[in-house]
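So the sequence lines, in the order shown, correspond to chains A and B. Number 108 in UniProt numbering belongs to position 108 of the first sequence; there are no gaps in the numbering. Number 168 in UniProt numbering belongs to position 168 of the second sequence; there are no gaps in the numbering.
Bear in mind the hints are in silico, worked out from the structure with no lab data behind them. Just to be clear, a hint being listed does not mean it is correct.
[Unchecked claim] In the SDA-like style, the derived pairs of lysine to any residue whose C-alpha atoms are separated by at most 25 Å in a straight line are:
#, chain 1, residue 1, chain 2, residue 2
1, A, K120, A, E41
2, A, K120, A, A40
3, B, K120, B, T104
4, A, K173, B, P37
5, B, K120, B, E41
6, B, K173, A, D39
7, A, K138, A, D54
8, B, K173, A, T11
9, B, K120, B, R132
10, B, K173, A, L26
11, A, K173, B, R61
12, B, K120, B, E107
13, B, K173, A, A38
14, B, K120, B, R12
15, B, K173, B, T27
16, B, K173, B, D44
17, B, K138, B, K173
18, B, K138, B, G116
19, A, K173, B, T104
20, B, K173, A, A40
21, A, K138, A, K173
22, B, K173, A, D44
23, A, K138, A, M28
24, B, K138, B, D119
25, A, K173, B, T113
26, B, K173, A, E41
27, B, K138, B, R61
28, B, K138, B, D58
29, B, K173, B, R35
30, A, K173, B, E41
31, A, K173, B, A40
32, A, K173, B, D44
There are 2 protein chains.
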Amino acid sequence: MRVLGVDPGLTRCGVGVVEGIPGRPLTMLGVGVVRTPADAETADRLVAIERGIDEWLDAHRPECVAVERVFSQHNVRTVMGTAQASAVAMLCAARRGLPVALHTPSEVKAAVTGTGRADKAQVGAMVTRLLRLDAPPKPADAADALALAICHIWRAPAQNRLQQAVAVHRAMKGRTA
Amino acid sequence: MRVLGVDPGLTRCGVGVVEGIPGRPLTMLGVGVVRTPADAETADRLVAIERGIDEWLDAHRPECVAVERVFSQHNVRTVMGTAQASAVAMLCAARRGLPVALHTPSEVKAAVTGTGRADKAQVGAMVTRLLRLDAPPKPADAADALALAICHIWRAPAQNRLQQAVAVHRAMKGRTA
Numbered sequence: 001m002r003v004l005g006v007d008p009g010l011t012r013c014g015v016g017v018v019e020g021i022p023g024r025p026l027t028m029l030g031v032g033v034v035r036t037p038a039d040a041e042t043a044d045r046l047v048a049i050e051r052g053i054d055e056w057l058d059a060h061r062p063e064c065v066a067v068e069r070v071f072s073q074h075n076v077r078t079v080m081g082t083a084q085a086s087a088v089a090m091l092c093a094a095r096r097g098l099p100v101a102l103h104t105p106s107e108v109k110a111a112v113t114g115t116g117r118a119d120k121a122q123v124g125a126m127v128t129r130l131l132r133l134d135a136p137p138k139p140a141d142a143a144d145a146l147a148l149a150i151c152h153i154w155r156a157p158a159q160n161r162l163q164q165a166v167a168v169h170r171a172m173k174g175r176t177a
Numbered sequence: 001m002r003v004l005g006v007d008p009g010l011t012r013c014g015v016g017v018v019e020g021i022p023g024r025p026l027t028m029l030g031v032g033v034v035r036t037p038a039d040a041e042t043a044d045r046l047v048a049i050e051r052g053i054d055e056w057l058d059a060h061r062p063e064c065v066a067v068e069r070v071f072s073q074h075n076v077r078t079v080m081g082t083a084q085a086s087a088v089a090m091l092c093a094a095r096r097g098l099p100v101a102l103h104t105p106s107e108v109k110a111a112v113t114g115t116g117r118a119d120k121a122q123v124g125a126m127v128t129r130l131l132r133l134d135a136p137p138k139p140a141d142a143a144d145a146l147a148l149a150i151c152h153i154w155r156a157p158a159q160n161r162l163q164q165a166v167a168v169h170r171a172m173k174g175r176t177a
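In isolation and in its complexed conformation, chain A is listed as follows:
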């Protein structure tokens, strides 16, 4: 499975592509950051993020896109921009028919470090180890995007089983309604 992970943000949107299956060594295919100037209009920044994400999708043809789930409890000043950037990432993927998975920051941390309360350095260290890199990817947004992709590769089998169960439940409810 090839996954594009997106750590959404208006100023820095981390992107990372990882390929692999659970229980086997993972391979990093690419990592980077889509940046937009802080003094540009929000609408123009969203267009630049769309262009950047589309370029990553064209270049790497992932089967799935994993995006960080944004919570409104976060920093009030930045959360709106994060929500808007995540909307663009989801839109770019769904428009191509690619499945979009959302993972919370603690799910991602727990997946790669074993604890949902890990700090940035710990996540960076584990991403470096799991992908056999020479150094942690910089900036942290890039490392977080790779961690999201890894988290999705490892969690997807369980998530798919859950979605199938929900679909079966809905179908049965429809039949008895």
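Based on these hints, arrange chain B on the given structure of chain A.
For chain B alone, kept in the frame of chain A given last:
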């Protein structure tokens, strides 16, 4: 000036097109709601909103799009969806090179009723009167979209003067830097 107003939301995205200039009677060219099913995946809902907004832009060719500015102080459960829907509206407009204006709910209320603390009914009543309609547009999201467009037509001259002043200031700063 022809303006598309967008009251963003995932479940109901109000859209309304108004044409006019300050100090002259205004004309409504269209009003409606882009709806997406609450049980669909967020990514698919964003694609449906994109399609809906693009259809309105194609049909009415506005010169400008006015979108409600979303604040994170609002209802925590709905604010993320509102931010995401507003991102799609801004993206659709900016991708076509259309200017995007953001107005706060109290700016819109103050523009059409004279007070920033007006309720939904008061806004609906003034929209009905200003556009010479037979009845207030339903649902409230549709009336709010028209109010946004009216607000923009009336505020745009002042906003343009402000933007020109900022541009001149930046250009002068650049020259002395």
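Going down the list of hints, with the structure as the test:
The suggested pairing of K120/A with E41/A is violated, with an alpha-carbon distance near 30 Å, which exceeds 25 Å. Between K120/A and A40/A the CA atoms are separated by roughly 28 Å; this puts the pair beyond 25 Å, and the hint is violated. Taking the CA atoms of K120/B and T104/B, the gap is about 15 Å. The hint holds against a cut of 25 Å. Under the criterion of a C-alpha separation no larger than 25 Å, the hint pairing K173/A with P37/B is consistent with the structure, at around 18 Å.
Restraint check for K120/B and E41/B: the C-alpha separation of about 30 Å exceeds 25 Å, so the hint is violated. This hinted pair checks out: K173/B and D39/A have alpha carbons roughly 15 Å apart, not beyond 25 Å. Pair hint K138/A plus D54/A holds up; C-alpha atoms about 22 Å apart against a cutoff of 25 Å. Annotation: proposed proximity of K173/B to T11/A holds, straight-line Cα distance about 24 Å (limit 25 Å).
Simply put, K120/B and R132/B have alpha-carbon atoms about 18 Å apart, close enough for the 25 Å limit, and the pair holds. For the proposed pair K173/B and L26/A, the alpha carbon gap of about 50 Å is over 25 Å, so the pair is violated. In summary, the hint linking K173/A to R61/B is not supported, as the alpha carbons are separated by about 44 Å, beyond the 25 Å threshold. The suggested pairing of K120/B with E107/B holds, with an alpha-carbon distance near 14 Å, which does not exceed 25 Å.
For the given pair, K173/B sits about 18 Å from A38/A by alpha-carbon distance, which is consistent with the 25 Å threshold. Distance hint between K120/B and R12/B is fulfilled; the C-alpha atoms sit about 16 Å from each other, no more than 25 Å. Distance hint between K173/B and T27/B is unfulfilled; the C-alpha atoms sit about 42 Å from each other, more than 25 Å. The hinted pair formed by K173/B and D44/B fails the criterion: a straight-line CA distance of about 45 Å is larger than 25 Å.
Distance hint between K138/B and K173/B is unfulfilled; the C-alpha atoms sit about 49 Å from each other, more than 25 Å. For a cut-off of 25 Å, the pair hint linking K138/B to G116/B stands: about 21 Å separates their Cα positions. At roughly 43 Å between alpha-carbon atoms, K173/A and T104/B are farther apart than 25 Å, so this suggested pair is violated. Pair hint K173/B plus A40/A holds up; C-alpha atoms about 17 Å apart against a cutoff of 25 Å.
Proximity of K138/A to K173/A is assessed by CA-CA distance (about 48 Å); at most 25 Å being required, the pair is judged violated. Taking the CA atoms of K173/B and D44/A, the gap is about 23 Å. The hint holds against a cut of 25 Å. For the given pair, K138/A sits about 14 Å from M28/A by alpha-carbon distance, which is consistent with the 25 Å threshold. For the proposed pair K138/B and D119/B, the alpha carbon gap of about 15 Å is at most 25 Å, so the pair holds.
Between K173/A and T113/B, the direct Cα distance comes to roughly 48 Å. Violation of the 25 Å bound is thereby established for this hinted pair. For the suggested pair K173/B and E41/A, the alpha carbons sit about 19 Å apart, so the restraint of at most 25 Å is met. Between the alpha carbons of K138/B and R61/B the distance comes to roughly 23 Å, so the proposed pair stays at or under 25 Å and holds. Straight-line distance between C-alpha atoms of K138/B and D58/B comes to about 23 Å, which keeps the hinted pair within the 25 Å bound.
Taking the CA atoms of K173/B and R35/B, the gap is near 46 Å; set against the 25 Å cutoff, the hint is violated. Taken as a hint, the K173/A and E41/B pair is honoured in the structure, with Cα atoms around 19 Å apart against an allowance of 25 Å. Taking the CA atoms of K173/A and A40/B, the gap is near 17 Å; set against the 25 Å cutoff, the hint holds. For the given pair, K173/A sits about 23 Å from D44/B by alpha-carbon distance, which is consistent with the 25 Å threshold.
In the structure shown, a violation is registered for the earlier hints numbered 1, 2, 5, 10, 11, 15, 16, 17, 19, 21, 25 and 29, in ascending order.
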